[in-house]
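Since chain A is already given, all that's left is putting chain B on it; use the hints.
2 protein chains.
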Amino acid sequence: MRAIQQIDTDDPRSLELGDVDKPELSSGEVLIKIHAAGVNRADLLQARGAYPPPPGASEIIGLECTGTIEDAGDTDYQVGDKVGALLSGGAYAEYVAVPAGQLLPIPEGYSLTEAASVIEVACTVWSNLVMEAGLHEGQTVLIHGGAGGIGTFAIQVAKALGAKVAVTAGSEEKLETCRKYGADILINYREQDFAEELKNSCDVLLDIIGAKYLKQNLKALAKDGHMVIIGMQGGTKAEINLGVLTSKRLTVQGTTLRSRSPEAKAEIVADTVKHVWPWLEDGTVKHHLHGTYPLAEAAKAHEALDSGEVTGTLVLTVAEES
Amino acid sequence: MRAIQQIDTDDPRSLELGDVDKPELSSGEVLIKIHAAGVNRADLLQARGAYPPPPGASEIIGLECTGTIEDAGDTDYQVGDKVGALLSGGAYAEYVAVPAGQLLPIPEGYSLTEAASVIEVACTVWSNLVMEAGLHEGQTVLIHGGAGGIGTFAIQVAKALGAKVAVTAGSEEKLETCRKYGADILINYREQDFAEELKNSCDVLLDIIGAKYLKQNLKALAKDGHMVIIGMQGGTKAEINLGVLTSKRLTVQGTTLRSRSPEAKAEIVADTVKHVWPWLEDGTVKHHLHGTYPLAEAAKAHEALDSGEVTGTLVLTVAEES
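As you go down the protein sequences, you meet chains A and B in turn.
Going by the numbering used here, the first residue of the first sequence is number 1, and it counts up by one from there.
Going by the numbering used here, the first residue of the second sequence is number 323, and it counts up by one from there.
The shape of chain A in the complex, shown without the other chains (with noise of 0.2 Å):
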């Protein structure tokens, strides 16, 4: 099958398209025709070098795909399923083999192209905001780069779910997009200190900084208050205050989703798919498909993504919707 390959370790951007072999079924295992593939900020790091993949995965990049049943091996679904795949790799190709686990279903009244960069995005966000840090009603969260893919998804699921939602961002233009995703404290944090605007008031955090914010984060957050770490583009070292975690009762929590075992990933699915799908069918939350580009182009993708310019999530298409 054709698959994108990295043929210079050192370059990022030498993503071509080869020859590899179509993957194996093993037990508990479907083989998916891929239709589309979400592009995500692991890719990127994944190309740099930077998210190796977990053991056992595909060394094909790709986190999330879309695609009808080629093979149903021994599970219950069928040949001609539409399915979207929560994946620890390999969405980059024609093929992929996924535990059913990982399965979901298209959102009624989404393309498979347009569903193919929201599952990912909506595993994560629900995942870490409401299975791990319990967010719910009444309660306020702090979401930090508000106008991303994940800030845009978490903003709707918050207001979903009751919530109040503060947002950094790092222009009036991209707190404008959280605005109108439903955000209802904007700070600019290039004019801004958000830790003394929000000090004690934060019950969640999701957070995509790391080192740089910690002591903030810290600061921000309300008795009893859990923050998720899921990205560090501030770095990874940094000074904690013990002190401030007992005398508030705090909790951080650091956590990957595609490093997740088969079992955990299908529980994750479950209750997205259960929450969060209504959602996305009704209206309540929307997801944005900034735009495609064909399979063999993943590297203008990735450059694409790169920019920063891009509102919303990209997709590669690989097969036309059958």
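None of these hints come from the bench; they were simulated from the model.
Zero decoy hints are in this set.
With a cut-off of at most 20 Å between alpha-carbon atoms, the simulated EDC-like pairs for lysine to aspartate or glutamate come out as follows: (1) 541/B x 239/A; (2) 212/A x 561/B; (3) 545/B x 132/A; (4) 534/B x 239/A; (5) 344/B x 416/B; (6) 570/B x 132/A; (7) 570/B x 267/A; (8) 248/A x 454/B; (9) 223/A x 589/B; (10) 237/A x 561/B; (11) 559/B x 239/A; (12) 248/A x 589/B; (13) 223/A x 454/B; (14) 545/B x 267/A; (15) 219/A x 561/B; (16) 223/A x 585/B; (17) 545/B x 263/A; (18) 537/B x 239/A.
Everything numeric in this text was worked out from a predicted model, so none of it was measured.
For chain B alone, kept in the frame of chain A given last:
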């Protein structure tokens, strides 16, 4: 009423009996005529000025007591009922007012004196190991200071749950105590690096050290590991590598029992009584009362606990058991 008062705030041993007003009842509270009060390490810290009472709490030292209900207020309790109570303060006295949700029954087979020192430790261990960190059968837990009051109780609760228990302590004699209470893996921290011994194997970690052990604790934790910091005998400020947090999906939580709301305390009390009291009553979990002092000799009790020579707990006796 008579109560222990600290005459000189600079001298933690200046604890003397004095006369103060009897507490007044608020709605939902009962007045307890105290029989006995447990002595905790937190009481020593408070006498040193290092652990001030939370807002609204009694200035009088003492976090747990047993006694009889003197005034049931507007609650369903009856005058004369024998009870234990988890307090935010006020136990070193003849009377204390406490929300009814913080009352516990005296475990069957326990005297009021024996029961007075089991409340704080039981609620601390159960709330942190199970309600917060989710310890369950088949997991491995690391308990620092295994031979202490919290340590020996935590070992037994973890074993009763079906967990594998690793402990650290500073002498062979203390490790032998841990072994007798059921610990499986004994580590002398003066001779061994616990992080190297336990690398990536601990699902839950109960920490009383703080900064000094943070890096090693993160190393000892397994994937999805959860550590709860309830003491900081080794300092508060440390460097943390958030990359370790995300790659192993770790949770670092700090907490104190005393500062929690009455509602949160009531929830902890109810769950502790439900799960731990049967183990106290059938001998699965043993609680060792080391000795008693009359209330007037609180300073001597503090001195004894501070010496590190106490194996088990100390109790101040306030009144005869009626």
